[in-house]
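**Student:** Use these hints to put chain B onto chain A, whose structure you have.
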Amino acid sequence: MAKVILPADMGQLWEAMEAHPEARLYAGGTDLLVRLRAQAGPPPALVCLERLEELRIIEERGGELFLGAGATHAQILEHPKVRGRLPVLARALASLGSPQVRNMGTLGGNLVTASPAGDSLPPLYVLGAEVQLISRKAGRRLPITEFIKGPGRVDLNPGEVVAGVCLPKSEGWTLQHFEKVGRRDALAIALVSLAALLRLSSEGVVEEARLAWGSVGPTVMRAPQAEAALKGRPLGLASLGEAAELAGQALTPIDDLRASASYRRRVAGNLLLRLAEREA
Amino acid sequence: MNPRGFQDGRKTSRDGDLAKARGLEMFAADRYGAGMLWAGVRRAGVAHAAIEGVDTSRALAAPGVVAALTHADIKGSNRQGVIQRDQPVLADDRVRHRGDAVALVVAETRQALAAALELISLQLSELPAVFDPDQALAKGAPIIHPGHAGGNLLLGGRVETGRGEAVLAECAAMVEAEYRLPWQEHAYLETEAGWAIQEDDGRLIIVSSTQTPFRDRQEVAEALGLDPARLRMIAPPTGGAFGGKDGVSVQSLLALAALACPGRPIKMWWSREESFLASPKRHRARLRYRLGADSQGRFQALAAEIVYDTGPYDHLGGAVLTLGLEHAGGPYRIPNALIEARAVYTNNPVSGAFRGFGVPQVAAAMEMTVDLLAAKLGRDPLDLRRLNAVRRGDIIAPGVTLTGSTEIGQCLDRLEAHDLWRGRRAWKEAAGPFQRRGVGVAAVMHAVGYGPMVPDVGNAKIELGADGVFSLFCGVVEMGQGNSATYGLLAERVLGQEPGSVRLIQPDTDRCLPSGSASASRTTFTFGNAVLGAATLLRERLLARAADALLGVAPAEMALLPGRVRHLPTGKELPLDLLARLMTPEQRVAVHRHRAPASTQRPSADPVLQMHGLPHEVFSFGAVLAAVEIDELTGRLRVERLITAVDCGGLIDPLLAERQVEGAVVQGLGYGLYEEFLAREGRVLSPDLATYIIPTALDAPEMETVFVPGHEESGPLGLKGVGEVGIDGPLPALANALRDAVGDCPRRFPLTPERVLEALAGAGERGGRP
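Respectively, the protein sequence lines represent chains A and B. According to the working numbering, the first sequence is numbered sequentially starting from 22. According to the working numbering, the second sequence is numbered sequentially starting from 122.
Just to be clear, a hint being listed does not mean it is correct.
[Stated by the list, open to error] Restraint-style ranges between C-beta atoms, simulated for each label pair:
| # | chain 1 | residue 1 | chain 2 | residue 2 | range |
| --- | --- | --- | --- | --- | --- |
| 1 | B | R716 | A | Q60 | 53 to 61 Å |
| 2 | A | R254 | B | G166 | 57 to 65 Å |
| 3 | A | E229 | B | E761 | 31 to 39 Å |
FYI, nobody ran anything at the bench for these hints, they're computed from the structure. Given the structure is predicted, the values throughout are model-derived calculations rather than measurements. Ideal Cβ placement from N, Cα and C applies to all residues, glycine included.
With the rest of the complex left out, here is chain A (with noise of 0.2 Å):
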């Protein structure tokens, strides 16, 4: 049987993790444990988050919004401050995984399991977080690009774990939007999704854009030409096709079982179509 520690304050964590440092740190558990339940060998030690106050809040700070790693899915994704004002973060969450991996997983973990498919990353990347992370003697902060390394690799120390996010002031952005493709409703692991926020002048002309797709390369992408094709013009069919072509090149996708790299980078052009269709 593994060896389950359940700290309850963040002396106990660091006590924890000094004594068991080959231990392996979990919260909702809803990656963890599955990738355990397939690997031989006795399992190791745990540590698990869930009880930690410090690790779930959610408040404004000096003009940021902070998001605690230990904050689940659901948790985020109820909180007036994201519902009504961070509606691209909402839609990404209320299509991860079914109400119970939404009631168990963190967002936390959903940045340290690092996959180019968690739903929760393509919003983080528009939104420009920073991830905070803390250790017994210090802390530090580093943008989410920065953090996020690569599929499964994510720039976290021994000693360290991951805070919570730190969201800059909404910028003004008339339009969030978020959609994921996969092969079913509910449960489903996104072949594409893309996360856009866009600012329009009063007259329609795109003055700033931000795109940001997953499960289309190592890590969740951007695409720069892609937004320097839209900047300065109208939002249309017209600059989102040709955005939408520059995006499919800037792209890295692979095959797998789900979907080849053909079809993702073709669908991640025109996930852009469809902001022609939303209101402002």
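**Tutor:** Only chain B this time, still in chain A's reference frame:
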């Protein structure tokens, strides 16, 4: 720990639902107990090999291991299978697919078991393997069963009627197409599981998740060289089966383990991955169809060539082929036909029984081909089907005359009158930006029962207990469809008792009577008649005994009422518990044997096809209307509404019948849209429910089931089977709807977003919408 304790108890469609939803219904997998051992098998891991040795010594020496066994420990034939006994319990000379069991280990804990299985050393000499049915039939292909007369051809069947395919050349319109249908995994909630103990007197009790307890007893006895009387098989309600448990899975292995470990209860429970690897699938198939009609649209000729990949063992593959052959031309009059079907051995995962049993594949091909023909003739596809649909007395493509109730015409009429069909043009035009909509139809038929040779028999037993309560001893398994609740209703109706008052005893070879498998849309059709017979017999006996007790009044003056018998002229009453005590135990039990009618037609002279079930006497019918919406940007296909019109004769419990249809429809949509069991060189590429996608509740469309009035003379209260007819139509109906929406449809399944997007692109190149 008592394996007998859980099977009694009333189950109606109402209280059974709640128990199921709360997880209170006890499956075979739910049994645990103190001192229980775990059994598991080491699987081969290679697709084709000669076995040179199996060394269990290291496993046996490992901590917590009680036994480690190989084929050398088996005293019997070491072969199981329903028709061909070609599958070893533990592989002996040869491995024929990666999932073959080679050694059996029994250990104190699951952890000790897992560790010990790794310690078994297999000396295998790999043989060339074959994974494609066409290559398996080619000259020089590696032979999988050297003793089998047909080489890698498990069974070939051919039926020619009229002037055969020659008539195609004379047709005013002819279309042809080739289709590929994938393997489908049953993916039941309860994976293969069971529980066994060898008691002090040497008897083996085996509780397992099975559709066939009586046949299991015979197979296990033969494979292990045991007296069948030494075996007691108990079959609790299953957590799903769908055909995947129509054949031995854990039973022989558990018996072998129990022989080696007397007195200890032993459990075996396959993991999801093990179930995916080793359990049978729906046969993947390649079908080439040519269909011709005269200028009026009347079907004139059909040529169908069907190849089923049966994997390394028969596992009912021959019977699947024969049912496919019989249904190849659908519910239509077709005077000239050539139908050729082959079931081919390969080193792929095993294929076998799965709800629909070979028919979903041919229904897909036929119904998509009918739509191609409608397009070529410029005819409305529903209208074309109504023109050609069979009536009682008509002859279907393989030359079978329909003598039973035949209401496909009514089914199609109901779809034609439906607001979805009537309003389809407006609905399609209302599609939003980037969306296309289409409506598709399919018509199907499905045989009920075993066919002409294998006796389709039910033996019902009803007892009035000394406590005045009736018990009904079910001979066929309750696998979630609610058949035992229906038997209860039938018995209560004849015996004049309150609904829910008859105690239902689930199959147990010591207490119930052999009544065949829970399969082939036969359970209520066959066993229901046996229940009616036994209940009638017992009623007459009780009335006669009560009349005697009331001093010689005539039995006709007596009425059997809830809990009592009443003498109508005087109002005198006799409670049932008192009546029971006036009778001997033998008098209080009635049994009745019913054999379903067997066809005397011989559309083929081939006795092998007859033995495998050609032809049937009774068929259920169905027609499906599907409305789909397709997203042009992603290829996502959403089924918005699905209407099924069903002719299953009379209805006993309409709620249960509707659920049977809805369950089959969702499973059929999974077959059409999501479920793609993949294997490369025999290795499973979709080993679990993360990679093998089945529909969830959110994916189910708005469903409507319409039962058309009908009455089948040979069925209980006019009923025909309804377990399978619902699964044949959804795939072709939504494929035809996709074609209606975008002008093209892939010929490969499932219809993944990627395949749909390709179809959109292809149709665009050829000039877009029809």
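**Student:** Could you check the hint for me, namely that R716(B) and Q60(A) are 53 to 61 Å apart, CB to CB?
**Tutor:** holds, 54 Å
**Student:** Is it true that the C-beta distance of R254(A) to G166(B) lies inside 57 to 65 Å, as the hint says?
**Tutor:** With Cβ atoms ~58 Å apart, the hint holds.
**Student:** Looking only at beta-carbon atoms, does the pair E229(A), E761(B) fall within the given range of 31 to 39 Å?
**Tutor:** holds, 37 Å
In the structure shown, no violation is registered for any of the earlier numbered hints.
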